[in-house]
Every structure is written in C-alpha cells, then in structure tokens.
Amino acid sequence: MRIVFCGVGALGSTAVLCCRNLDAELRLVDFDRVESKNLSAQWFVKQSVGKNKAEAVRLQLGNFYGIKAEALGVRLGAHNAAQLLDGCALAVDCFDNADSRVALSEAARARGVPLVHAALAADGSFALVRWDERFVPDREDAAGQATCEGGEHLPMIGVVAATLARTIQDFVRTGARHDSMVSLSGTTRTA
Amino acid sequence: MAVLNITYQGQSADYDLEIDYAASDADIRRIAVEVVRSGGVRGLHIAGLGDDAFSFYVVDRLTSSTGEQRIYLRPKVPFGGR
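Quick note, the sequences are listed as chains D and S, same order.
Each residue of the first sequence is one higher than the last, beginning at 0 in numbering that gives the first Met the number 0.
Each residue of the second sequence is one higher than the last, beginning at 0 in numbering that gives the first Met the number 0.
Looking at chain S on its own, in the form it has when it is part of the complex (with noise of 0.2 Å):
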C-alpha cells in the first residue's frame, strides 16, 4: 500500500494506491489516467483525460517521517525562472 499523489493543471490530491510501492513508473501513469477519469481521486476529477496526460510526467518515491510510503506524479520542474 502507498499513497499516490497526483498534481495536474495546478491542483494536487492523493489517493490510496492498492498496488506494489515498486510498481513501474508506467503503471503509475496508466493508473493514474484511470483513476483520475473515473473520478476515483477526490478533487481531481477529468472524465476526457487523455491516456497520455501523463507521460512527460516525473514519478518519484519518497518514504515519509512516520514511514508511510508515498508516489508523487507531477510535472517537471526544469526552471528557476529565469
């Protein structure tokens, strides 16, 4: 178990993720696109997302102080704004 945050078009929500924390970064993009068309992410609800909505997106694994296991799939962030 682990939770997948998902942060698109600026808003950002989570949802519990039944799945492997190892599951590929593909997986996540594909569950992703799933949950967030079903309405499954609270917040976060886009019946025509596109399947590759996420596909430039980065998909990092980071453990938390208390040991919950947590996805982040967000866009890049290349800039400092110059």
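Next up, chain D with everything else stripped away, as it sits in the complex (with noise of 0.2 Å):
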C-alpha cells in the first residue's frame, strides 16, 4: 500500500513519524521549505534548515530509522493532483489552507482514493480528524492569521497527529475510517 501525506508541515511531519511503522511506502509531498522556526513545533532537526520539508523527512526517515519515503517538493493544486495521488490507496492532508484542501479533495473523489484531513484551530485549543466524506474545509478568519507555528502548540500538535496516526493505522489494518475530535479536555471519536 503507498500512502501520501499531503503537508508535512507540524501535523504531517509528526503523523509520519508516528506512521514510520506501517507497512506501506510513504510519499511526502510540500513545496515549502524549513525555516529555524519550524524546528519548535515541526519534526525536523537543525540539519534540515533550508531544506525542502518533503525531502527533510525524506531523509531523517532514512538516516534515523533507515526507512525509504518519496520526496516531492511541488506544490500541490489542481494541475498536478491526480499524478501526486497516483498509486495510492491512501491519502492524508496536512495542509494549512482551504484551496490545498480543496483540490486534493477533488482529485481524490475522481480518483476513488479514500482521504482523511486533520485540521488546527488558530490558538492551537481544537482539532479535528475527519474522512473526506464528512469533511467541509474551513477558511482563515482573516488573511495571514497565526497558524500555530510557535512552539506553545507542540504538545497538542502531539495529540492530533497521534490520533491521525491512529486513525491511518486502524484504515491499512482494518479499511475502518473513524473521526475523532480533539480539544484540551481530551480526544473524542465522533464517527
């Protein structure tokens, strides 16, 4: 099974290293790069600085644990979404913006590839891990909002990509697509 992890940003570098035991081949796909900020609430190491951020986890899956990922550095919209799905059985949106969630979510649907997204509140208090099929993609209150980079969200970007981490998990095993919600108080399966 090859899954795609759409982002690798805070949730989808910290869900693919708590995904680094499945047994699937990863594709990481982001157009961004890492910045000395990212290392407070992202996995990435100071050795990635300045790196491409698919290529970073790319490499630290292979010189930390010795696990083989696909890096594609490109952004993704709807020019390109069917060909970085392509193969997957699997894939998971990490993304930070409605328009990315948006093309990814209609290529998937054309292509019949189940999709999960996992999405941050701005203060970093709320999250949500929902399938495609239940899933309606918010916009930012405002342009250029906070969008939790700081490091005083670490620990409940923890949680959340634990929990898609899981959620990916119980899909390869078992093909379930459970929801989950997660605030301060605790993580909640909502489907």
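Derived by calculation from the structure, the hints in this document are not laboratory data.
Quantities reported herein were computed from a predicted structural model and do not represent experimental measurements.
We put the CB at the ideal spot given by N, CA and C, even for glycine.
A portion of the hints provided could be inaccurate.
To be verified - Quick list of the computed label-pair ranges, beta carbon to beta carbon:
no.: 1; chain 1: S; residue 1: Val2; chain 2: D; residue 2: Asp122; range: 18 to 26 Å
no.: 2; chain 1: S; residue 1: Met0; chain 2: D; residue 2: Ala88; range: 49 to 57 Å
no.: 3; chain 1: D; residue 1: Arg1; chain 2: S; residue 2: Gly39; range: 45 to 53 Å
no.: 4; chain 1: S; residue 1: Thr62; chain 2: D; residue 2: Tyr64; range: 39 to 47 Å
no.: 5; chain 1: D; residue 1: Glu105; chain 2: S; residue 2: Met0; range: 19 to 27 Å
no.: 6; chain 1: S; residue 1: Asp19; chain 2: D; residue 2: Arg188; range: 45 to 53 Å
no.: 7; chain 1: D; residue 1: Ala97; chain 2: S; residue 2: Val2; range: 49 to 57 Å
no.: 8; chain 1: D; residue 1: Ala97; chain 2: S; residue 2: Asp19; range: 39 to 47 Å
no.: 9; chain 1: D; residue 1: Asp122; chain 2: S; residue 2: Arg41; range: 17 to 25 Å
no.: 10; chain 1: D; residue 1: Val101; chain 2: S; residue 2: Arg60; range: 14 to 22 Å
no.: 11; chain 1: D; residue 1: Gln168; chain 2: S; residue 2: Ile45; range: 32 to 40 Å
no.: 12; chain 1: D; residue 1: Arg19; chain 2: S; residue 2: Glu33; range: 25 to 33 Å
Assembly of the complex is requested from the two constituent chains, each provided in isolation within its own frame, with the hints serving as guidance.
Pasting the structure below:
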C-alpha cells in the first residue's frame, strides 16, 4: 500500500513520524522549506533547515530509522493533484489552507482514493481528524492569521498527529474510517 | 431531539437539545450562548460569556453509527500547522 501525505509541516511531519512502522510506502508532498522557527513545532532537526520539507522528512526517516520514502517538493494544485495521488491507496491531508484541501479532495474523489483530513484551530485549542465524506474545509477568519507555528502548541500538535496516525493505522489494518475531535480536555471519536 | 456538543476555549461538553435537529445555525449559536451562560452544560459554565462568543464557530450536523443526531459547535480548523 502506498500512502501520500500532503503537507508535512507540523501535523504532517509528526504524523509521518508516528506512521514510520506501517507496512506501507510513504509519499511526501510539500513545496515549502524548513525554517529555523519550524524546529519548535515540527519534526525537523537543525540540519534540515533550508531543505525542502518533503525531502527533509525523507532524509530523516532514512537517516534515523532506515526507512525509505518518496519526496515530492511541489505545490499540490488542480494541475498536478491526480499525478501526485497516482498509485496511492490512501491520501492524508495536513495542508494549512482551504484551497489546497479542496484541490486534494476533488482529485481524491475523482480517482476514488480514500482521503483523511487533519486540521487545527488557530489558537491550538481544538482539532479535527475527519474522513473526506464528512469534511468541509474551513477558511481562515482573516488572511495571514497565525498558524500554530509557535512551540506553545507542540503538545496539542503531538496529540492530533498521534490521533491521525492511529486513524491511518486502523484504516490500513481494517479499512475502518474513524473520525475524531481533539480538544484540550481529550480526544473523542465522533464517527 | 439531538445532542449539542460545544467546544469553547479547549473544553468540550454535551448538551441535550430539545429542539428540531434542523434548527438554523444562528439558532444553535444563540442557544449555545444561553446554556453555557446559565450553567446548563456540565463542565462548561461561563457566566460572562459574550453574545458573540460563537459568531465565527462552525455548526456540523452528523448522525452517529447508532442513529443519534449530533450537532457540533466548534472553532474553525483552517490549519495543518505550517
């Protein structure tokens, strides 16, 4: 089985780390580069600063755990989404904007690829892990809104990424499609 | 009858809603303010909650696998934590 992670920032990079023992090939998609400020809330090490995020995660998986992955350092859009999903049995959305989520949803639905989304509130107090058939992307309240990149949200990011990883694991093992919501008071399965 | 789940400032709690599942989003937000203010939601009592506390919240309507109708009033979740 091949799984594509779309967006390997805070949620994506941490979820990949938690999925490293899955019996699956991992494909990583992200156009962005690692900045020093990312080290406080994302699974990147100092040596990765300046590298493309997908490539950095690929290198870390290989160097630390001997795990191979495929890195694609491109921005997913309507023009290439189908190509990036090619051969994948599962897509995982960890993007940080509604437009990319919509492009990914449309491509996944068109190709019949199961898709699970993970999404965080701006203040890091709430998050959803939800399958595409029940997911509607939320837009920012205002352009340029803070995006949980400060280290103060790292524990919450860890909980959400672990919840996402468990959801992926359940799907890989049994085909189950569980939804969850995560608040500061705990994680609740909602479907 | 439906269950209204309200998440506010990281805390989440259920409230048995005795109105039509198809109530408007505006009605859901108004009711939520009232019940949180009054202490009707166990574990989520904020006496001074503002009228606009849920103005930018999302209302999700889902049916559980057991057929229970649930309404979730929750903050927006636009980010993957870039």
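Results of checking the hints against the structure:
1. Judged by the Cβ atoms, the range 18 to 26 Å given for Val2 (chain S) and Asp122 (chain D) holds: they are separated by roughly 25 Å.
2. Range check, Met0 (chain S) to Ala88 (chain D): Cβ separation about 39 Å, and the 49 to 57 Å hint is violated.
3. The hint said 45 to 53 Å for the Cβ distance between Arg1 (chain D) and Gly39 (chain S), and at roughly 49 Å that hint holds.
4. A hinted range of 39 to 47 Å holds for the C-beta pair Thr62 (chain S) and Tyr64 (chain D), which are about 41 Å apart.
5. The beta-carbon spacing between Glu105 (chain D) and Met0 (chain S), approximately 36 Å, falls outside the hinted interval of 19 to 27 Å.
6. Judged by the Cβ atoms, the range 45 to 53 Å given for Asp19 (chain S) and Arg188 (chain D) is violated: they are separated by roughly 26 Å.
7. With their beta carbons about 28 Å apart, Ala97 (chain D) and Val2 (chain S) fall outside the hinted range of 49 to 57 Å.
8. In this structure the hint that Ala97 (chain D) and Asp19 (chain S) lie 39 to 47 Å apart at CB is violated, the actual value being about 30 Å.
9. Asp122 (chain D) and Arg41 (chain S) have their C-beta atoms about 23 Å apart, which keeps the hinted 17 to 25 Å range intact.
10. Restraint check, Val101 (chain D) to Arg60 (chain S): a C-beta distance of roughly 21 Å satisfies the suggested window 14 to 22 Å.
11. Take Gln168 (chain D) and Ile45 (chain S): their Cβ atoms lie about 37 Å apart, and the range 32 to 40 Å holds.
12. Between Arg19 (chain D) and Glu33 (chain S) the CB atoms are about 47 Å apart, so this pair departs from the stated range of 25 to 33 Å.
Of the hints listed earlier, those the structure fails to meet are numbers 2, 5, 6, 7, 8 and 12, in rising order.
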